[in-house]
Amino acid sequence: MPSLSLRINLDPDGRIGPGKVELLEQIAAFGSISAAARGMEMSYKHAWDLVEDMNRVFGKPLVAAQTGGKKGGGAQLTSVGLAVVSRFRAIERAAASAAATHMEALQAEIDAG
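Every letter in the sequence shown is one number past the one before it in full-length UniProt numbering, and letter 85, counting from 1, is 85.
Calculated from the structure, these hints are not laboratory results.
Quick reminder that beta carbons are idealized off the backbone N, C-alpha and C, glycines included.
Keep in mind that a hint or two might mislead.
Claimed, not checked - Each pair of labels, with its calculated beta carbon distance range:
| id | residue 1 | residue 2 | range |
| --- | --- | --- | --- |
| 1 | Ala65 | Ala96 | 29 to 39 Å |
| 2 | Ser5 | Glu109 | 17 to 27 Å |
| 3 | Met1 | Gly31 | 33 to 43 Å |
| 4 | Arg38 | Ile110 | 35 to 45 Å |
| 5 | Met1 | Met40 | 16 to 26 Å |
| 6 | Met103 | Ser79 | 31 to 41 Å |
| 7 | Gly39 | Thr78 | 19 to 29 Å |
| 8 | Gly73 | Glu109 | 42 to 52 Å |
| 9 | Ala64 | Ala99 | 29 to 39 Å |
| 10 | Thr101 | Ala65 | 41 to 51 Å |
| 11 | Gly59 | Glu22 | 15 to 25 Å |
| 12 | Arg38 | Glu104 | 19 to 29 Å |
| 13 | Ala64 | Ala100 | 31 to 41 Å |
Let's have the full structure, built from the sequences with the hints guiding it.
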């Protein structure tokens, strides 16, 4: 079955899509940017760069990070970060629902070969 992938252009230089949203979800789940990066098989630097890009695009932090120390660092989503994940997933569900009939028709075309 064909699948739908959603990317949202937010400004001329900013966009958010499934990868960045998954990173936010992983940060929320693990409480750590480095653990989220490892789970997604990306470097910590790449994950941090993506977080910084999202913070820049939204004009406020999506992730609140605490630097390491004796007790270690950590990260959690801010209320804005939580809202971005929630809204993106809602838009994704709405788009998939709206496209379902067309996606089935595409699959029928493939099956008809």
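Hint-by-hint comparison with the structure:
1. Our hint of 29 to 39 Å for alanine 65 and alanine 96 holds, since their Cβ atoms are close to 32 Å apart.
2. Range check, serine 5 to glutamate 109: about 19 Å between beta-carbon atoms, so the 17 to 27 Å window is met.
3. For methionine 1 paired with glycine 31, a C-beta distance near 35 Å keeps the hint of 33 to 43 Å intact.
4. A C-beta distance of roughly 37 Å is found between arginine 38 and isoleucine 110, which places it inside the suggested range of 35 to 45 Å.
5. Between methionine 1 and methionine 40 the C-beta distance comes to about 25 Å, which sits within the given range of 16 to 26 Å.
6. Checked against the hint of 31 to 41 Å, the C-beta distance between methionine 103 and serine 79 comes to roughly 34 Å, which is consistent with it.
7. Checked against the given bound of 19 to 29 Å, the beta carbons of glycine 39 and threonine 78, roughly 20 Å apart, stay inside it.
8. Separated by about 51 Å at the C-beta atoms, glycine 73 and glutamate 109 satisfy the suggested range of 42 to 52 Å.
9. Between alanine 64 and alanine 99 the C-beta distance comes to about 35 Å, which sits within the given range of 29 to 39 Å.
10. For the hinted restraint 41 to 51 Å between threonine 101 and alanine 65, the CB-CB distance of approximately 43 Å keeps it satisfied.
11. Roughly 22 Å separates the CB atoms of glycine 59 and glutamate 22, a value that falls within the hinted 15 to 25 Å.
12. Between arginine 38 and glutamate 104 the CB atoms are about 37 Å apart, so this pair departs from the stated range of 19 to 29 Å.
13. Taking 31 to 41 Å as the suggested C-beta distance range, the pair alanine 64 and alanine 100 conforms, at roughly 37 Å.
Hint compliance for this structure: hint 12 is the single one not met.
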